[in-house]
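Participant: Chain by chain, the residues run as shown.
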Amino acid sequence: MSSILNSIVNGKVHNLGYPLEIEEVGGIHGSGNSNLRQEININDGTLQDMGGHIGVDFSVPVETQRMSMTKVRTLIGELEINKNVTKALVDENVNLREQMNSQRAMLLSLQQQMQFMMIERRHLFRHPAYLVHFMADHLKMNALYWGLGTLFLVNHTDEFSRDEVVRFVFSCIDESNGGFGAAPNHDAHMLSTLSALQVLKMYDAVGELSLEQRKGVVQFVKSMQLPDGSFQGDQFGEVDTRFVYNALQCLSILEELTPSIVDAAVDWILQCQNFDGCFGMVPGSESHAAQGFTCLGALSIANALDKLPNKEILEWWLSDRQVDSGGLNGRPEKLPDVCYSWWVLSSLAMLGKLHYIDGKKLQKFILSCQDTDKGGISDRKDKEVDVYHTFFGIAGLSLLGYDDLRKVDPIYCLPVDVTSTIKKYPYSH
Amino acid sequence: MSFVKGYSQNSSFESMHGRDKSFKLTKEEALKRMRLEKPRVDNYKSLCERVLLGRKQRIYNQEYYDLVTDLLEWNQELYTVWNYRKELITNFLFKSIKEACVQARHDILVKELDFVLKKLKQSPKSYWIWNHRIWCLKLDKLSNWPMELQLIETFLKVDSRNYHVWSYRRLIVGFMKSDQEFTKSDELIDFEEFKFTTKMINRDISNYSAWHNRSQLIVKLFLKSPGIELQDDDKSISEYLGVFRKKDKIGFLRKELNLVKTAIYTDPEDSSVWFYLKWLISDYFIKELTNTEEVLKLVEKLNVDVEELNEVELDDNGIENNWCLITEVYLMKRLFKLQKNPQDLEKFHEILNKLMVLDPMRIERYKEIKLNE
Numbered sequence: 001m002s003s004i005l006n007s008i009v010n011g012k013v014h015n016l017g018y019p020l021e022i023e024e025v026g027g028i029h030g031s032g033n034s035n036l037r038q039e040i041n042i043n044d045g046t047l048q049d050m051g052g053h054i055g056v057d058f059s060v061p062v063e064t065q066r067m068s069m070t071k072v073r074t075l076i077g078e079l080e081i082n083k084n085v086t087k088a089l090v091d092e093n094v095n096l097r098e099q100m101n102s103q104r105a106m107l108l109s110l111q112q113q114m115q116f117m118m119i120e121r122r123h124l125f126r127h128p129a130y131l132v133h134f135m136a137d138h139l140k141m142n143a144l145y146w147g148l149g150t151l152f153l154v155n156h157t158d159e160f161s162r163d164e165v166v167r168f169v170f171s172c173i174d175e176s177n178g179g180f181g182a183a184p185n186h187d188a189h190m191l192s193t194l195s196a197l198q199v200l201k202m203y204d205a206v207g208e209l210s211l212e213q214r215k216g217v218v219q220f221v222k223s224m225q226l227p228d229g230s231f232q233g234d235q236f237g238e239v240d241t242r243f244v245y246n247a248l249q250c251l252s253i254l255e256e257l258t259p260s261i262v263d264a265a266v267d268w269i270l271q272c273q274n275f276d277g278c279f280g281m282v283p284g285s286e287s288h289a290a291q292g293f294t295c296l297g298a299l300s301i302a303n304a305l306d307k308l309p310n311k312e313i314l315e316w317w318l319s320d321r322q323v324d325s326g327g328l329n330g331r332p333e334k335l336p337d338v339c340y341s342w343w344v345l346s347s348l349a350m351l352g353k354l355h356y357i358d359g360k361k362l363q364k365f366i367l368s369c370q371d372t373d374k375g376g377i378s379d380r381k382d383k384e385v386d387v388y389h390t391f392f393g394i395a396g397l398s399l400l401g402y403d404d405l406r407k408v409d410p411i412y413c414l415p416v417d418v419t420s421t422i423k424k425y426p427y428s429h
Numbered sequence: 001m002s003f004v005k006g007y008s009q010n011s012s013f014e015s016m017h018g019r020d021k022s023f024k025l026t027k028e029e030a031l032k033r034m035r036l037e038k039p040r041v042d043n044y045k046s047l048c049e050r051v052l053l054g055r056k057q058r059i060y061n062q063e064y065y066d067l068v069t070d071l072l073e074w075n076q077e078l079y080t081v082w083n084y085r086k087e088l089i090t091n092f093l094f095k096s097i098k099e100a101c102v103q104a105r106h107d108i109l110v111k112e113l114d115f116v117l118k119k120l121k122q123s124p125k126s127y128w129i130w131n132h133r134i135w136c137l138k139l140d141k142l143s144n145w146p147m148e149l150q151l152i153e154t155f156l157k158v159d160s161r162n163y164h165v166w167s168y169r170r171l172i173v174g175f176m177k178s179d180q181e182f183t184k185s186d187e188l189i190d191f192e193e194f195k196f197t198t199k200m201i202n203r204d205i206s207n208y209s210a211w212h213n214r215s216q217l218i219v220k221l222f223l224k225s226p227g228i229e230l231q232d233d234d235k236s237i238s239e240y241l242g243v244f245r246k247k248d249k250i251g252f253l254r255k256e257l258n259l260v261k262t263a264i265y266t267d268p269e270d271s272s273v274w275f276y277l278k279w280l281i282s283d284y285f286i287k288e289l290t291n292t293e294e295v296l297k298l299v300e301k302l303n304v305d306v307e308e309l310n311e312v313e314l315d316d317n318g319i320e321n322n323w324c325l326i327t328e329v330y331l332m333k334r335l336f337k338l339q340k341n342p343q344d345l346e347k348f349h350e351i352l353n354k355l356m357v358l359d360p361m362r363i364e365r366y367k368e369i370k371l372n373e
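Listed in order, the protein sequences are those of chains A and B.
The first sequence begins at 1 in UniProt numbering and counts up one residue at a time.
The second sequence begins at 1 in UniProt numbering and counts up one residue at a time.
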């Protein structure tokens with residue numbers, strides 16, 4: 001039972017782009033509690049389902065495995081029925097053909113996504129095996145958010161034990177200042193603090209912070225604001241629009257925003273806008289679509305989007321990020337990358353201009369970056385998949401209105417049913 | 001080439017991008033790999049645990065300084081360990097010298113910068129390492145700014161668009177300006193930076209990072225430019241100096257549009273210059289210009305140049321160039337603002353209709369754009 005917990009706490013969050021090839025890791029480097037032989041047997045027994053696409057989580061009892069396999073089988077069955085219905089309709093009405101074909105492609109793709117999620121579930125919290133797996137601690141909290149975010153968007157919210165995840169997040173509190181580190185005993189940082197609160201919010205567990213812990217994290221975030229309104233990532237002085245976004249979202253989740261914090265932050269963000277309409281890391285630095293997301297996100301949380309002068313130039317620059325392949329890049333003359341399906345698309349969504357790019361072409365691009373064999377999504381076609389690109393690919397698909405995915409909130413990058421409970425700023429008393 | 005040796009384009013977070021697919025090991029191969037790696041895994045784990053414990057217990061001594069160096073050699077992405085290193089420098093290395101001895105402090109930091117440089121060459125896109133370098137420079141009263149600028153040029157030779165390197169350059173420029181010991185005036189530093197962007201653009205017109213920086217510097221130089229004490233042998237550069245001194249925006253545009261024209265003719269498909277050109281005809285330059293006739297002449301001349309280029313493109317490739325057409329859209333907007341000529345309106349819609357066919361991905365934005373906003 002404790003192996004999931006172990007794999008989170010002792011093990012590393014895997015699939016941060018590391019090789020996915022091994023199955024028999026648990027018995028070797030696991031916490032010494034697993035039985036290699038038995039696991040391989042389980043594996044052999046169930047792997048045939050879905051033509052080998054669906055993997056098995058060694059850390060979950062066999063019964064649970066079977067149940068979730070049954071669940072998937074039922075769902076796939078439903079998809080089959082849908083596909084047949086689609087086929088019949090196409091035969092009946094030729095005019096519907098094109099629409100139906102795309103529907104069919106979506107169903108097929110969803111099926112692949114579900115298969116992938118089953119695989120991902122095995123890999124995400126696998127026991128570490130190789131050296132590279134042990135070396136990913138500095139991204140663990142972020143990876144937890146990306147991984148769970150993906151699972152929540154594909155409606156698999158129960159893959160992991162809520163209590164164990166929450167306990168892990170709490171174990172990352174940095175006692176010296178109240179923020180969250182990327183892993184236990186790692187320093188608190190704005191990046192990991194936001195990921196931690198996002199994970200807690202997804203599980204509706206923010207209320208489980210003790211009064212003291214809550215005060216601690218609020219104090220940590222507020223103490224990172226500098227006199228000019230910007231935020232640093234930790235006490236060592238790095239300033240970046242990312243951290244303003246982190247701070248405002250953290251305080252928004254905790255419902256602790258105040259005009260004195262927000263107004264200064266908004267003024268500083270506005271100074272980061274460039275000649276091309278988009279935003280950089282600090283005032284004066286080059287526009288970058290990901291910084292565009294953090295700035296528009298911060299302004300949206302602060303309910304200050306209307307302070308943005310000349311939105312059109314920004315909207316055009318963002319839509320110019322779509323290249324011939326349908327994918328989006330982050331800066332002019334750069335290659336497209338699946339993660340910009342999120343940074344650019346969410347920015348356009350916040351501006352109400354999602355239609356300024358070709359959504360169908362982008363969807364095709366994202367889907368073409370799936371690894372249909374291993375599952376998951378990579379930055380570009382035929383490259384190695386990882387949990388980061390998988391999450392932002394899925395989140396992009398969700399914004400595009402992809403069927404059967406939960407709707408994602410472009411501001412918070414969390415499911416909308418999660419963010420709908422967050423009190424909107426300015427607060428009415 | 002010693003710099004390039006050992007220089008990697010990949011760094012940890014970056015290494016999640018563009019990696020080739022891994023191939024699947026057989027069970028035997030995987031077990032073998034794990035067996036082979038086990039001693040290293042054990043070493044790494046125990047080193048990591050020791051260092052993090054040392055940090056928690058606030059141990060500041062040579063032994064832990066060396067352990068931290070070792071651990072960062074294994075993994076330079078451990079931000080907590082970089083933080084520990086900073087504390088070791090201030091709480092141990094600095095404590096071992098006389099408080100007031102600036103030179104001794106400088107010597108320690110120079111050694112540290114060498115270490116950082118080695119790490120940066122392995123991971124030129126790692127936030128944590130660049131941060132550590134900046135942190136060091138902030139502590140050093142004897143920082144060598146010209147040397148930092150040289151270092152930046154070398155990094156840009158390897159990757160001319162590295163976002164971190166350009167940010168670092170602007171930061172160094174900021175340090176130079178606030179350094180009382182550094183004798184150059186702010187506006188002179190800005191002008192030298194402007195010259196640097198000219199050099200980078202002449203080397204490669206597709207360097208959007210350089211165009212961006214240029215836009216920032218132009219705004220600063222129009223607010224304050226170097227006085228007559230500065231002369232430049234390069235005729236073109238001294239002409240720029242002249243227009244900045246006179247705050248002559250139209251004179252600047254005349255000069256700058258020549259540079260841009262060369263750039264768009266060099267590679268009409270490259271989007272970098274077109275974004276920059278869009279800015280040149282924006283309100284920042286045009287709005288305050290009162291001599292409407294002069295502006296009109298300039299915009300019309302630019303329009304003719306862009307149309308000509310588009311014709312060349314049509315002849316060469318059998319298809320019109322989207323960037324030419326998009327630019328004509330802005331130019332029509334600008335012309336209409338200047339003279340309210342109904343012909344411009346007609347042309348505006350004509351071009352948009354073409355773009356809707358040639359650039360269907362963005363068809364909706366062409367439907368929404370208004371001439372009169």
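These are computed hints drawn from the structure, not numbers from a lab.
Don't take every hint at face value.
Straight-line Cα separation of at most 27 Å, DSSO-like style, residue types lysine-lysine; simulated pairs [claimed, not checked]: (1) B:K340 <-> A:K360; (2) B:K86 <-> B:K177; (3) B:K246 <-> B:K220; (4) A:K215 <-> A:K423; (5) B:K246 <-> A:K334; (6) B:K354 <-> A:K353; (7) A:K311 <-> B:K21; (8) B:K86 <-> A:K222; (9) B:K45 <-> B:K141; (10) A:K424 <-> A:K353; (11) B:K141 <-> B:K118; (12) A:K334 <-> B:K199; (13) B:K157 <-> B:K98; (14) A:K307 <-> B:K287; (15) B:K337 <-> A:K353; (16) B:K255 <-> B:K195; (17) A:K361 <-> B:K354; (18) A:K311 <-> B:K45; (19) B:K340 <-> A:K311; (20) B:K220 <-> B:K118; (21) B:K141 <-> B:K199; (22) B:K367 <-> B:K340; (23) A:K311 <-> B:K367; (24) A:K334 <-> B:K177; (25) A:K381 <-> B:K21; (26) A:K423 <-> A:K307.
Participant: Compare the structure with each hint and give your call.
Facilitator: Hint-by-hint comparison with the structure:
1. In summary, the hint linking K340 of chain B to K360 of chain A is not supported, as the alpha carbons are separated by about 39 Å, beyond the 27 Å threshold.
2. Taking the CA atoms of K86 of chain B and K177 of chain B, the gap is near 25 Å; set against the 27 Å cutoff, the hint holds.
3. The straight-line distance between the Cα atoms of K246 of chain B and K220 of chain B is roughly 14 Å, inside the 27 Å bound, and the hint therefore holds.
4. With a C-alpha separation of about 18 Å, the suggested pairing of K215 of chain A with K423 of chain A holds against the 27 Å cut-off.
5. Restraint check for K246 of chain B and K334 of chain A: the C-alpha separation of about 37 Å exceeds 27 Å, so the hint is violated.
6. Straight-line distance between C-alpha atoms of K354 of chain B and K353 of chain A comes to about 21 Å, which keeps the hinted pair within the 27 Å bound.
7. Simply put, K311 of chain A and K21 of chain B have alpha-carbon atoms about 40 Å apart, too far for the 27 Å limit, and the pair is violated.
8. With a CA separation close to 23 Å, the supplied pair K86 of chain B and K222 of chain A stays within the 27 Å bound.
9. Note on K45 of chain B and K141 of chain B: the hinted pairing is violated, with a Cα-Cα distance of about 38 Å set against a maximum of 27 Å.
10. For the hint linking K424 of chain A to K353 of chain A, the alpha-carbon distance of about 22 Å falls within 27 Å, and the restraint holds.
11. Among the hinted pairs, K141 of chain B with K118 of chain B is consistent with the structure: their alpha-carbon atoms are about 22 Å apart, no more than 27 Å.
12. This hinted pair checks out: K334 of chain A and K199 of chain B have alpha carbons roughly 21 Å apart, not beyond 27 Å.
13. For a cut-off of 27 Å, the pair hint linking K157 of chain B to K98 of chain B is broken: about 40 Å separates their Cα positions.
14. Distance hint between K307 of chain A and K287 of chain B is fulfilled; the C-alpha atoms sit about 21 Å from each other, no more than 27 Å.
15. Under the criterion of a C-alpha separation no larger than 27 Å, the hint pairing K337 of chain B with K353 of chain A is consistent with the structure, at around 25 Å.
16. As the CA atoms of K255 of chain B and K195 of chain B are separated by approximately 14 Å, the hinted pair is consistent with the 27 Å bound.
17. For the hint pairing K361 of chain A with K354 of chain B, the CA-to-CA distance comes to about 21 Å; that is within 27 Å, so the pair holds.
18. At roughly 50 Å between alpha-carbon atoms, K311 of chain A and K45 of chain B are farther apart than 27 Å, so this suggested pair is violated.
19. Distance check on the hinted pair: K340 of chain B and K311 of chain A sit about 23 Å apart at the alpha-carbon level, within 27 Å; holds.
20. In summary, the hint linking K220 of chain B to K118 of chain B is not supported, as the alpha carbons are separated by about 35 Å, beyond the 27 Å threshold.
21. Restraint check: the Cα-Cα separation between K141 of chain B and K199 of chain B comes to about 30 Å, which exceeds 27 Å; the hinted pair is violated.
22. Distance restraint check for K367 of chain B and K340 of chain B: the Cα-Cα separation of roughly 21 Å lies within the 27 Å cut-off, and the hinted pair is therefore satisfied.
23. Taking the CA atoms of K311 of chain A and K367 of chain B, the gap is about 16 Å. The hint holds against a cut of 27 Å.
24. In summary, the hint linking K334 of chain A to K177 of chain B is not supported, as the alpha carbons are separated by about 32 Å, beyond the 27 Å threshold.
25. The suggested pairing of K381 of chain A with K21 of chain B holds, with an alpha-carbon distance near 10 Å, which does not exceed 27 Å.
26. Simply put, K423 of chain A and K307 of chain A have alpha-carbon atoms about 21 Å apart, close enough for the 27 Å limit, and the pair holds.
Against the hints set out earlier in the document, violations occur for numbers 1, 5, 7, 9, 13, 18, 20, 21, 24.
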